[in-house]
Amino acid sequence: MTRYTSRQELIAALADDLEPVSRINARHGAALIAFGTIVAGAACIAVFGFWTGMLAGKASPFFWISNGLLALAGAASAAGLAAMGVPKVGLRSTAPLWSAGMLAVVPLTAIVLFMTLESGHSHDHVGHLMEPTMTDLKCAACSLGAAAIVALAAIVYLRRAAPVSLDRAGWLTGLASGSLGALAYGITCPLDDITHLGIYHVLPVAAAAVIARFLVPPLIRW
Amino acid sequence: MLADEPTFARLMQATQKGDKAATNVLLSEVGVWLERYFSRRVPPHAIDDLVQDVLIAVHTKRATWDPKRPFLPWLAAIARYRWVDHLRRVYKHDSKELMEEDAVEDSDEDVVMARISLDRLLVQLPDKQSEVIEMVKIDGLSIREAASRTGQSESLVKVNIHRGLKKLAALVEKAE
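Taken in order, these protein sequences are the chains called A and B.
Quick note: the first sequence uses the numbering used here, first residue 1, plus one each step.
Quick note: the second sequence uses the numbering used here, first residue 223, plus one each step.
Among the hints, erroneous ones may be present.
Said to hold, decoys possible - When the alpha-carbon atoms are kept at most 25 Å apart in a straight line, the in silico BS3-like pairs for lysine-lysine are as follows:
(1) LYS58(A) <-> LYS138(A)
(2) LYS138(A) <-> LYS389(B)
(3) LYS290(B) <-> LYS242(B)
(4) LYS359(B) <-> LYS380(B)
(5) LYS350(B) <-> LYS388(B)
(6) LYS389(B) <-> LYS88(A)
(7) LYS350(B) <-> LYS389(B)
(8) LYS88(A) <-> LYS388(B)
(9) LYS388(B) <-> LYS359(B)
(10) LYS380(B) <-> LYS88(A)
(11) LYS350(B) <-> LYS380(B)
(12) LYS290(B) <-> LYS239(B)
Bear in mind the hints are in silico, worked out from the structure with no lab data behind them.
Bound-form chain A, shown alone:
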């Protein structure tokens, strides 16, 4: 960066460089993240096909609850992320944290069910916790892949905007992209038992948050 010998010299250079700008606000961020989610969903449908069973009444209640919570967590964290692109002082929204807490109920339920049913020697509905199949692992990987598309949109917005808390931006990027990516992939997956959804669809959200916490801040530093 050029260091100017006097402040007036710098100001003159900056003023000389001035051009009109279009304002950036939180709505742009929300729109970009929504667009990323739609692209991720379209890509998943193109590759795996839309699961029509959900419209034919074949989906279990777990399917709707899990994906509903993913949508809520994604919306809350995306809104928080979009808002933090604009510098301000004031209260931080705790909505993303609470929505992530609600989402955590799904994998916790799967684990508790596994433990209680394991002690009763019943493996119905919870078979894949200890022995994941290739399909289970594929779902986790594809959810993370879809999350990467959403994260890309979030990073594009954050680089244009001015986030002043990079660590929080990293967490929220992971939480938003992980939730919305899992949701985008979830509409193609016919496996709707609680263990599969809790462990292989929802748990990758936590992985996405941790990965983004470390990868995103260097990409959006300004």
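Using the hints, position chain B against chain A.
Below, chain B alone, put in the same frame as chain A:
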């Protein structure tokens, strides 16, 4: 004399539209404001570098200011960000991980910022609490005067001040 919030806001709107003369004035005034902001936070020899850093940041990120929101909190958030970044660089060789939370806000903050922050906090209190806090703790009225002006009993004024201050403390702890 330091420019006030409406002046800053007007100049910034003109800057966003590409008015070079307004930008010159705005950045000069912002520079003065930043000198005061950093004077309590960094050694004197580092102030000018930081001010230049923030001026460049203000110029680069000018599109992110929303005219519907006040200018000074926007500027303060950018200044604080650059300050934390500066502290990270300075203390890097000490192997000390400096978190954003280490940038403790000064209690003797600039008067303008303090007033803005206070107004933003007071609106979150019930009217009965905020009005007696303003009268007693800011305007310097006695409990009796506040009681007669608001129609509350003296003991209720004390209770409302106590409850309001407690809530304000909780709000400040949660603030960025």
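Going through the hints against the structure:
1. LYS58(A) <-> LYS138(A): holds (22 Å)
2. LYS138(A) <-> LYS389(B): Violated, at roughly 49 Å.
3. LYS290(B) <-> LYS242(B): holds (22 Å)
4. LYS359(B) <-> LYS380(B): holds (11 Å)
5. LYS350(B) <-> LYS388(B): Satisfied, since the Cα-Cα distance of roughly 14 Å is no more than 25 Å.
6. LYS389(B) <-> LYS88(A): holds (21 Å)
7. LYS350(B) <-> LYS389(B): holds (13 Å)
8. LYS88(A) <-> LYS388(B): At roughly 24 Å apart (the allowed maximum being 25 Å), LYS388(B) and LYS88(A) satisfy the hint.
9. LYS388(B) <-> LYS359(B): holds (13 Å)
10. LYS380(B) <-> LYS88(A): With a Cα-Cα distance of about 33 Å, the restraint between LYS380(B) and LYS88(A) is violated, given a limit of 25 Å.
11. LYS350(B) <-> LYS380(B): holds (11 Å)
12. LYS290(B) <-> LYS239(B): holds (16 Å)
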